[in-house]
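Chemist: Take a look at the letters that make up each chain.
There are 2 protein chains.
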Amino acid sequence: MPKSKRLMELMMTVNRKRRFKVGELADEFNVSTRTILRDLQELSELGVPLYSEVGPHGGYQVLRERVLPPIAFTEGEAVAMFFAVHALRHYSSLPFDAESASALSKFYLHMPGDIRDQIDRMKERVDFVSPTRRGDAPHLSVLLDAAVHQKVLTITYESKSEGTTSRQVQPVSLYAHNGFWYCTAYCFLREGIRVFRCDRIRDASPGSAEPLKLSDIRLSRQEVVLPTDPVRLQAKLTRIGTQRCESELWLSPHLHVREDGTAEIDVEVSRSEIPFYTEFFISLGKEAALIGPRELKAAIRKHLAELLENYQEG
Amino acid sequence: MPKSKRLMELMMTVNRKRRFKVGELADEFNVSTRTILRDLQELSELGVPLYSEVGPHGGYQVLRERVLPPIAFTEGEAVAMFFAVHALRHYSSLPFDAESASALSKFYLHMPGDIRDQIDRMKERVDFVSPTRRGDAPHLSVLLDAAVHQKVLTITYESKSEGTTSRQVQPVSLYAHNGFWYCTAYCFLREGIRVFRCDRIRDASPGSAEPLKLSDIRLSRQEVVLPTDPVRLQAKLTRIGTQRCESELWLSPHLHVREDGTAEIDVEVSRSEIPFYTEFFISLGKEAALIGPRELKAAIRKHLAELLENYQEG
DNA sequence: ATAATAGTGACAATAATTGTCGTGAATATA
DNA sequence: TATATTCACGACAATTATTGTCACTATTAT
Numbered sequence: 001m002p003k004s005k006r007l008m009e010l011m012m013t014v015n016r017k018r019r020f021k022v023g024e025l026a027d028e029f030n031v032s033t034r035t036i037l038r039d040l041q042e043l044s045e046l047g048v049p050l051y052s053e054v055g056p057h058g059g060y061q062v063l064r065e066r067v068l069p070p071i072a073f074t075e076g077e078a079v080a081m082f083f084a085v086h087a088l089r090h091y092s093s094l095p096f097d098a099e100s101a102s103a104l105s106k107f108y109l110h111m112p113g114d115i116r117d118q119i120d121r122m123k124e125r126v127d128f129v130s131p132t133r134r135g136d137a138p139h140l141s142v143l144l145d146a147a148v149h150q151k152v153l154t155i156t157y158e159s160k161s162e163g164t165t166s167r168q169v170q171p172v173s174l175y176a177h178n179g180f181w182y183c184t185a186y187c188f189l190r191e192g193i194r195v196f197r198c199d200r201i202r203d204a205s206p207g208s209a210e211p212l213k214l215s216d217i218r219l220s221r222q223e224v225v226l227p228t229d230p231v232r233l234q235a236k237l238t239r240i241g242t243q244r245c246e247s248e249l250w251l252s253p254h255l256h257v258r259e260d261g262t263a264e265i266d267v268e269v270s271r272s273e274i275p276f277y278t279e280f281f282i283s284l285g286k287e288a289a290l291i292g293p294r295e296l297k298a299a300i301r302k303h304l305a306e307l308l309e310n311y312q313e314g
Numbered sequence: 001m002p003k004s005k006r007l008m009e010l011m012m013t014v015n016r017k018r019r020f021k022v023g024e025l026a027d028e029f030n031v032s033t034r035t036i037l038r039d040l041q042e043l044s045e046l047g048v049p050l051y052s053e054v055g056p057h058g059g060y061q062v063l064r065e066r067v068l069p070p071i072a073f074t075e076g077e078a079v080a081m082f083f084a085v086h087a088l089r090h091y092s093s094l095p096f097d098a099e100s101a102s103a104l105s106k107f108y109l110h111m112p113g114d115i116r117d118q119i120d121r122m123k124e125r126v127d128f129v130s131p132t133r134r135g136d137a138p139h140l141s142v143l144l145d146a147a148v149h150q151k152v153l154t155i156t157y158e159s160k161s162e163g164t165t166s167r168q169v170q171p172v173s174l175y176a177h178n179g180f181w182y183c184t185a186y187c188f189l190r191e192g193i194r195v196f197r198c199d200r201i202r203d204a205s206p207g208s209a210e211p212l213k214l215s216d217i218r219l220s221r222q223e224v225v226l227p228t229d230p231v232r233l234q235a236k237l238t239r240i241g242t243q244r245c246e247s248e249l250w251l252s253p254h255l256h257v258r259e260d261g262t263a264e265i266d267v268e269v270s271r272s273e274i275p276f277y278t279e280f281f282i283s284l285g286k287e288a289a290l291i292g293p294r295e296l297k298a299a300i301r302k303h304l305a306e307l308l309e310n311y312q313e314g
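Protein chains in written order, with UniProt numbering: chain A, 1 to 314; chain B, 1 to 314.
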């Protein structure tokens, strides 16, 4: 086997094994231990994080961030990766932010100039308008890691109704919706699946509880959103108002659209979400006519009056 | 220079030059032409699409889809690429669909099994809820290519008001908004910038008109028409207001963001757009403090008063 | 016809890789 | 403390890979 090929296979082998002895590899590859030693030194120079200990029970280990063997991509594949990462740029505090940036810079570095230009132009000419991000979610990476590896976390959560609480949870899934990140998790405090708004998680650290096997739950989030302390939200929408609301995912299932393009909203919502709906209806302006609830009308009036105050000639 | 390194550099060089002669490269790399010939044969075997012609004015060419030199990514970078592509899966018929799939499969192939499992679990546990896609846009790739390379297209467009028309356009930018894809383009029929809904483009083929230099237009809808009868728009934004405005493409170039996350808007706009800004600033609520112009303030006050009227208890 | 260009085969010169052996050093275990 | 295990390194010869040179062929534009 030519040396270069052996090095690549060695790279994959050590990545797979994580721990190994020099003699082992020498047998597998049918070369002398001296050669394996030299090879390992080369891998080390190529960036593979190898660590070794002498003595019985010693041996080699691959540490933390492993390095994949070099892969040759086509220009189209490289551009596709830029496209995908670019599409997500309106999401901030994403997991793997740093990693995507460093991956793209590796691609960029190996590209001929004309593709670089093409990518730069593409960035200026393509956009994914996504819901305005509302609230930072600094612990997303930790939550994702816990969801993927079935770990238990201790989180400090700031809920509107209960104030700040500390509890152990085992994350199940994460989803971005309307500019917020949500985390469904088994809550050891409430002994059931709950949904948490990630921007309200103030702190997340490893927990002590024994992880449950939650593999069957996954992404099913439909049934979890039962409103607590519900109020009935009703409104009429003009055609334009209907179009705007149709694109709001949380609302569209509750839209009753008529032949002429106008629609009605009729949905049970949590009383605690009135502040959100206040802003939402104000932004709809004259395209919506709210029927109820009264509390919401009052809140909107109050908000409008305050705004009007702000806009007095000063 | 060791052979492996020379091969990688050769790969980058031929990608950059696209056309070259063997003697040229031999000079650049200080090796004999015989060696370059052998090297080129190896590159060819590695997948670089080389083509050669003999005779004067002959030489080598790199065809269509070039191949980048092999790049070693870390496991984290690879996972980040999966994450990004996964995040876009609710968009169908995206440009670079096939390319991202083949890139990911290359990554997948070179990964140790435990990262594969990790990725498979992540796919089940992370979701990006985005606006329901409405309408297919089969010509996106063609439009993107035209926007990036400043090409003119002949499109068949089905508009509600005018029925089906054929016209030449030069695409400027593409954006996804609320489940639709839009294309801003210079329309040779209307002699101005227009926005087209991509799902209403029935056909797109190369056009005959001479491309214009539209490089200055890019993503900003604002500058498409230089403000006629301009007024100076100035406002201060809170941190949250800044975040919201940053995702507005037409606005973000005119945002002056401070250290603390707050920002100021300072831009010349057309007087005729005051109705638009009225709604926009109302939707920003208390996150924006408008400084001027007076007309806008007055319009906002009027609008707010009317809204307040609408929301009186009935 | 001539010059420019790619392409091939043979072989010697040169360079890189590998295996062998000797030696050493750290460390767990008996 | 002695011993087995394991990594580590240097020297050198044997082996293998790479390179350059040269001679030659083939194609094509001018």
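One or more hints might be untrue.
Chain copies aren't distinguished; within one or between two, either way the pair holds.
[As the list claims (entries may be wrong)] No more than 20 angstroms apart at the CA atoms, straight line, and that leaves these computed lysine-lysine pairs for PhoX-like: (1) Lys5 with Lys236; (2) Lys106 with Lys123; (3) Lys21 with Lys297; (4) Lys5 with Lys297; (5) Lys286 with Lys151; (6) Lys213 with Lys236; (7) Lys297 with Lys236; (8) Lys17 with Lys123.
Treat the hints as calculated values from the structure; they're not laboratory data.
Chemist: For each hint, tell me whether it holds in the structure or not.
Modeler: Right, here's what the structure says about each hint:
{"no.": "1", "hint": "Lys5 with Lys236", "result": "neither (55 angstroms within a copy, 60 angstroms between copies)"}
{"no.": "2", "hint": "Lys106 with Lys123", "result": "within (17 angstroms within a copy, 24 angstroms between copies)"}
{"no.": "3", "hint": "Lys21 with Lys297", "result": "neither (68 angstroms within a copy, 75 angstroms between copies)"}
{"no.": "4", "hint": "Lys5 with Lys297", "result": "neither (65 angstroms within a copy, 70 angstroms between copies)"}
{"no.": "5", "hint": "Lys286 with Lys151", "result": "neither (44 angstroms within a copy, 41 angstroms between copies)"}
{"no.": "6", "hint": "Lys213 with Lys236", "result": "neither (35 angstroms within a copy, 46 angstroms between copies)"}
{"no.": "7", "hint": "Lys297 with Lys236", "result": "within (14 angstroms within a copy, 28 angstroms between copies)"}
{"no.": "8", "hint": "Lys17 with Lys123", "result": "neither (40 angstroms within a copy, 24 angstroms between copies)"}
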